[in-house]
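Mind assembling these two chains? They're in different frames, but the hints should get you there.
Chains as they are written, first to last, in our numbering: chain A, 8 to 402; chain B, 894 to 1231.
Just so you know, not all the hints are guaranteed correct.
In silico SDA-like links for lysine to any residue, alpha-carbon gap of 20 Å or less [stated by the list, open to error]:
#: 1; chain 1: A; residue 1: 357; chain 2: A; residue 2: 74
#: 2; chain 1: B; residue 1: 1022; chain 2: A; residue 2: 45
#: 3; chain 1: A; residue 1: 288; chain 2: A; residue 2: 228
#: 4; chain 1: B; residue 1: 1097; chain 2: B; residue 2: 1193
#: 5; chain 1: B; residue 1: 1022; chain 2: A; residue 2: 44
#: 6; chain 1: A; residue 1: 288; chain 2: A; residue 2: 313
#: 7; chain 1: A; residue 1: 357; chain 2: B; residue 2: 1051
#: 8; chain 1: B; residue 1: 1097; chain 2: B; residue 2: 1070
#: 9; chain 1: A; residue 1: 357; chain 2: B; residue 2: 1146
#: 10; chain 1: A; residue 1: 357; chain 2: B; residue 2: 1062
#: 11; chain 1: A; residue 1: 357; chain 2: B; residue 2: 1055
#: 12; chain 1: B; residue 1: 1097; chain 2: B; residue 2: 1147
#: 13; chain 1: B; residue 1: 1022; chain 2: A; residue 2: 228
#: 14; chain 1: A; residue 1: 357; chain 2: B; residue 2: 979
#: 15; chain 1: B; residue 1: 989; chain 2: B; residue 2: 1214
#: 16; chain 1: A; residue 1: 357; chain 2: B; residue 2: 1047
#: 17; chain 1: B; residue 1: 989; chain 2: B; residue 2: 1073
#: 18; chain 1: A; residue 1: 288; chain 2: A; residue 2: 308
#: 19; chain 1: B; residue 1: 1097; chain 2: A; residue 2: 363
#: 20; chain 1: B; residue 1: 1022; chain 2: A; residue 2: 42
#: 21; chain 1: B; residue 1: 1022; chain 2: A; residue 2: 46
#: 22; chain 1: B; residue 1: 1022; chain 2: A; residue 2: 363
#: 23; chain 1: B; residue 1: 1022; chain 2: A; residue 2: 357
#: 24; chain 1: B; residue 1: 1022; chain 2: A; residue 2: 392
#: 25; chain 1: B; residue 1: 1022; chain 2: A; residue 2: 40
#: 26; chain 1: B; residue 1: 1097; chain 2: B; residue 2: 1065
#: 27; chain 1: A; residue 1: 357; chain 2: B; residue 2: 1035
#: 28; chain 1: B; residue 1: 1022; chain 2: B; residue 2: 1146
#: 29; chain 1: A; residue 1: 357; chain 2: B; residue 2: 989
#: 30; chain 1: B; residue 1: 1097; chain 2: B; residue 2: 1112
#: 31; chain 1: A; residue 1: 357; chain 2: B; residue 2: 1054
#: 32; chain 1: B; residue 1: 1022; chain 2: B; residue 2: 1035
#: 33; chain 1: B; residue 1: 989; chain 2: B; residue 2: 1198
#: 34; chain 1: A; residue 1: 288; chain 2: A; residue 2: 230
#: 35; chain 1: B; residue 1: 989; chain 2: B; residue 2: 979
Just so you know, these hints were derived from the structure itself, not from any lab.
These numbers come from a predicted model, not from an experiment.
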Amino acid sequence: MAMTNTELAQNGSINQMIEDVGLLRRIWRGRLWYGTEWYITVFGGLILVTVTIVTLLAPILSPYDPNDFAGSQFIPPGGGPQVLLTRSGESNRVTESYLNEQLVGVQRNKNGTNIAIELELDYLRYQTQSEQIEALQNQEVDSILVDERDLDAIIADFPQLEIAADGIGPSFTLGTDNLGRDILSRLIWGARTVLGVAILSALLSSVVGISLGLISGFVSGPFDRVASLTMDSIYSFPGLLLAIAMAAMLGPGLLNVAIAISVIYIPTFFRVVRGQVLSIKEELHVEAARSLGAKPFSILFRYIFPLVIPSVVVVFSLNVADAILTEAGLSFIGLGLPPDVPDWGYDLSKGHSFLVAGHWWMITFPGVLITIVAMGFSLLGEGLSEILNPRLVKS
Amino acid sequence: MSPGLRRYIIVRTLLTIPMVLILVSLVFIVLRVMPGDPALAIMREGASEEQLAAFRAALGMDRPLHIQYFDFISGVLRFDFGESMVRPIPVTQEIKTFFPATVELAIFSMMVTTGVGIFSGAYAAKNRKRGSDYAIRVLSIILYSLPIFWLGLMLQMTIGAGLGWLPVSGRLSPGMTPDRVITGLYTIDAILTLNLDLLVDALKHLILPSITLGLVLAGFFTRLTRATMLDVLEQDFITAGRARGLHERVLVYKHGLRNAFIPIVTLLGLQFALLLAGAILTETTFSWPGMGRLVVDRIYDRDFTTVQGTILFFALLVAGVSLIVDILYGFLDPRIRY
Chain A
8 MAMTNTELAQ
18 NGSINQMIED
28 VGLLRRIWRG
38 RLWYGTEWYI
48 TVFGGLILVT
58 VTIVTLLAPI
68 LSPYDPNDFA
78 GSQFIPPGGG
88 PQVLLTRSGE
98 SNRVTESYLN
108 EQLVGVQRNK
118 NGTNIAIELE
128 LDYLRYQTQS
138 EQIEALQNQE
148 VDSILVDERD
158 LDAIIADFPQ
168 LEIAADGIGP
178 SFTLGTDNLG
188 RDILSRLIWG
198 ARTVLGVAIL
208 SALLSSVVGI
218 SLGLISGFVS
228 GPFDRVASLT
238 MDSIYSFPGL
248 LLAIAMAAML
258 GPGLLNVAIA
268 ISVIYIPTFF
278 RVVRGQVLSI
288 KEELHVEAAR
298 SLGAKPFSIL
308 FRYIFPLVIP
318 SVVVVFSLNV
328 ADAILTEAGL
338 SFIGLGLPPD
348 VPDWGYDLSK
358 GHSFLVAGHW
368 WMITFPGVLI
378 TIVAMGFSLL
388 GEGLSEILNP
398 RLVKS
Chain B
894 MSPGLRRYII
904 VRTLLTIPMV
914 LILVSLVFIV
924 LRVMPGDPAL
934 AIMREGASEE
944 QLAAFRAALG
954 MDRPLHIQYF
964 DFISGVLRFD
974 FGESMVRPIP
984 VTQEIKTFFP
994 ATVELAIFSM
1004 MVTTGVGIFS
1014 GAYAAKNRKR
1024 GSDYAIRVLS
1034 IILYSLPIFW
1044 LGLMLQMTIG
1054 AGLGWLPVSG
1064 RLSPGMTPDR
1074 VITGLYTIDA
1084 ILTLNLDLLV
1094 DALKHLILPS
1104 ITLGLVLAGF
1114 FTRLTRATML
1124 DVLEQDFITA
1134 GRARGLHERV
1144 LVYKHGLRNA
1154 FIPIVTLLGL
1164 QFALLLAGAI
1174 LTETTFSWPG
1184 MGRLVVDRIY
1194 DRDFTTVQGT
1204 ILFFALLVAG
1214 VSLIVDILYG
1224 FLDPRIRY
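Next up, chain B with everything else stripped away, as it sits in the complex (with noise of 0.2 Å):
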């Protein structure tokens, strides 16, 4: 490792500190600190004075703003969220249990997001100023115009409902439990545990919502895959193989994505937040146990705790994710340096 490298990394990690700080503390700024009573608005219309108290008391909203704000950092730096109102088990351990469908989602989502966007994207841009590079950016702009639930609900309409081929909620079939619980992705857990019914009906139940995600961030992708495609097909060495007669398609696909694929994988890890807020979306219309669902359904149970919790769990990860997509830059391009 090259010692700017070393430095790179060093200074990056130490960046992530105030990020979290600060995202830690938009987190306690939103949910404490802005007008909007929590125990209100948790608690509803209707809870009497003495029941909102109690809230605020078993929360520690009683005491003074700067030392629920120092309880609150020293909570996340131990990641401790406290424990949920509905069940009596920590929040972590509720993370714990929703999590693992959030990824097996993001995996699948993303599996149809890069084909479908690397290849069409650089098609278009291959066929620059040509109908089908016309056509591919309007479907582009069309596809990350629609609504990710709406999608997910014509799917469900037409290939679930209507025409009974896939199910449309849940992540297995009702009586089907894997064996064991490994990884928590089920699609992994049947195949470590070989047990090809629960692969297939996993794989199942995964189908629409990771096409339904997948597809809206592709219309983005497309649209990033194609700009850098005609970045790099501008280049020198584009030329130079052209003029030593390789052929276009090999020029295009073989050096030009190759090249491409470095700014490509970057611009995707930066939009990990999108494929986050597309996820709850997604989660909500396919009643997919993830972290979406887990907000959502908790802000209806009233579990402030489990909702606060969450959503800091995002914030870390967050960050987590940022750093390690801002690292591997640092090794893949050598000119990314402080």
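Bound conformation, chain A alone (with noise of 0.2 Å):
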């Protein structure tokens, strides 16, 4: 596009015409230079970019409260609506008005039950669904609610019983866990719970292992080498250890665990920071600077600093991948978050004791999602390490 003088003047300079590009139209163009990392950075970029606008737009997806016992325990997916059911030529006597005075036979600890509650019905409360279908048959109530999975069931066996209404209470996506809350809004709010511990902990460590890093790598000696060897030692010890010990002994809370979890991410930050500062330091910049008589804080932040945080870019975002597996991992073990706190790590924890039963929503769905947004992580820090640092490219 041929522009004149005037008109540059106009839009200030190359750069700002740069800007006016569009920061999303900037990134697009990126694939053309980075080729394979480029996809791999963006998809791990997308996927975190849904999951946090769920967590942002929480109060309006999730259907229920996430402690609420929206239905009954241990609705599986796509479950939950119940079926009206009446002896036949019935029907038409059944209307929304009628309903009030009538006698409806629920099955206990099923959903119907729930909805009899909510619609403040008289109900009776039968053991099983032959149960239930015999009083109707005997004319002990007007009406049965049962499981619309179940009709298909019921009216091969009893084709003499008709729909009154159908589609009554609510439906679980993905199916209620033992205490009949629903998973899908449990999901929907444990997002918010995982990545905020998950960030707020690689942040902590992040503020505590860059000073000790930038400090360590700038002034060497004694000082160095006692926290190089305090480091590694910490690096060497199992982490989850650590943070189990921790959570154990400050207790349940939201910045507790991000406490705990943060301890082990200290020395990663650590020593990539000071590794690139031992290295920074010696290049020509900095000694240009030293000899004009910067101040050594003033060489630290202004002219070795600034070269770190690629690096540590990188590492925050892997950090963050693991610290949701580790936060995961301490609320499976149970030293997590308060009961209140939905969070996926404690899903699946309850969801264990059921899994011989067969109840495997309560697992699988929680699982699945926590490996998805550590993959988000782990692959944005990946494709971020080959294009910030393509020197390190090998491959």
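Structure below.
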């Protein structure tokens, strides 16, 4: 595009022009430069953007309160809605207003019970489905509430029954847990917890790790030796065990868990930053600054620190990925958050108890989400490390 | 032994002392100094002031911190972790009972990890930038993004509870006991006492936990092997071998892998902490009576001394293993000297 000098002056500068292209378009053009790594990074980034949007919109997206006992226990995915069955020929008598004066037969521990209570119906409770149907045929009750999923089997066995109304009550897309809480809502709200704790702990450890690493690499000497040995020792210790000990001592709570996790990742920030500072401080521009009389503090922050940032970004992303897994592990062991905070690891540990009973939906979905989010951060970190440090690219 | 190697071993051994000191101090800080009263954390709310005071007195926590610290260190040096608060036996005795289970799990997991990791890593390096390389890389990223315990749950649900092929918890079936505990590793004990039933039962119980732990670590190990192999395959002796007309497969899997082996094994030794952390979660998932379960269970049983002793034992273990790995590395690679 041809542009006169006056136009350029109006637009400020070339840099301003590039700014005007827009962030999204610049990212999109990046694929031509970076190839495969670009796709890896953007894929990881997209996962994270999606999850972030979901966490921000949690109040709108989640159908129920995550701690609400919304349905009966162990409703499988897609289940929940009830069908009102009557004896043949009586279905037209059942209307909305009439329902209130009717006696409805429900089954113990099934969602029909919840709905009957919710709609303030008069109900009789039966142990099993066959007792329930028998009661209807014996005219003990006027109609019965049964699960929509069981409908086909019932009609096949008892063709004399009629559907009076269907789709009564809520549907649970991913089912309910052992207390009748909606799993989808718990997953959506749990994303907030998981992301919050993981990012908070990575932030805490980055602040400590980066400052220690900067100082240690810059001043060298005995301080550096002691700090390095300490960090190497922490690094060699099984991180989860350290987090377990700290979480047990600090007690449950969001901030406590974040602190417990953050200790594990201080050494990774420290090592990377220290290594970088050691090589950067030998570079020409630092020597030039020093010869011009810059003070050590300003050398460290104006001439060294900015060059460390790219590696820190990569380490941060990879550490968040790991922190998500650690947080889930802590909650799975039962040392994480207070029980009223929706959390994926906690849901998994609850589901563990009902695994043999075959309630697969309780343990499948939270685990899939943990994997996807951890993978998002890993991919982002991997991709960024190749893009930001092109000198390290090997293959 | 060359003087260089001897010097290296001596210096490295001496360096273990500050490392142990730092780790033990770290444990001390976490358990005694940090905010969060251990007495309250262990006894939970509802404990009376007298109960808390009695707890502190029993553990010597009513004394000044520096005295506690020296007491703590001297206990570790004498390998005396105090007495368990659940059963009237020393904590070291508890560790002796639970540790072999973790060792057995770790050994079998490492078999899975090295088997899967070395093969797929070398294969990816050989086919670099081809479809299979990308597939293996993506798979390895997925593998180490998996929560270990969730992979365990899925295996339990499908192969264990679903198909009923393998047991989902414990080390042996109910009613099965080893005739004589020699090493504590049931598979080895079974071979030593020639008990075939015991061996089969122990192996059956080992399959799912070691696949769980092994696969997750294999994700990491594959990347390691691939990166190391790429380095090795760029070296001159590979080009020379190619010029001599050696078959590509021989070149990669024989000459290449052999030279990549030392760095791979060393890096693997450094990831010992990863293995232990993974073992804690695997043990919790499969009710495997090892060290991880010991810590987790005793936290709930409010057995402070055992928790403290187990964590200290882990600290000593980590220091010991890294010493051994570094010394081995010194033997294998003459360039590594202080």
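Evaluation of the provided hints:
no.	hint	result
1	357(A) with 74(A)	14 Å, holds
2	1022(B) with 45(A)	15 Å, holds
3	288(A) with 228(A)	15 Å, holds
4	1097(B) with 1193(B)	29 Å, violated
5	1022(B) with 44(A)	12 Å, holds
6	288(A) with 313(A)	12 Å, holds
7	357(A) with 1051(B)	18 Å, holds
8	1097(B) with 1070(B)	15 Å, holds
9	357(A) with 1146(B)	46 Å, violated
10	357(A) with 1062(B)	17 Å, holds
11	357(A) with 1055(B)	19 Å, holds
12	1097(B) with 1147(B)	33 Å, violated
13	1022(B) with 228(A)	44 Å, violated
14	357(A) with 979(B)	26 Å, violated
15	989(B) with 1214(B)	18 Å, holds
16	357(A) with 1047(B)	14 Å, holds
17	989(B) with 1073(B)	15 Å, holds
18	288(A) with 308(A)	12 Å, holds
19	1097(B) with 363(A)	18 Å, holds
20	1022(B) with 42(A)	12 Å, holds
21	1022(B) with 46(A)	15 Å, holds
22	1022(B) with 363(A)	43 Å, violated
23	1022(B) with 357(A)	43 Å, violated
24	1022(B) with 392(A)	18 Å, holds
25	1022(B) with 40(A)	17 Å, holds
26	1097(B) with 1065(B)	9 Å, holds
27	357(A) with 1035(B)	24 Å, violated
28	1022(B) with 1146(B)	18 Å, holds
29	357(A) with 989(B)	31 Å, violated
30	1097(B) with 1112(B)	24 Å, violated
31	357(A) with 1054(B)	17 Å, holds
32	1022(B) with 1035(B)	19 Å, holds
33	989(B) with 1198(B)	15 Å, holds
34	288(A) with 230(A)	17 Å, holds
35	989(B) with 979(B)	16 Å, holds
Taken one by one, the earlier hints fail for this structure at numbers 4, 9, 12, 13, 14, 22, 23, 27, 29, 30, listed in ascending order.
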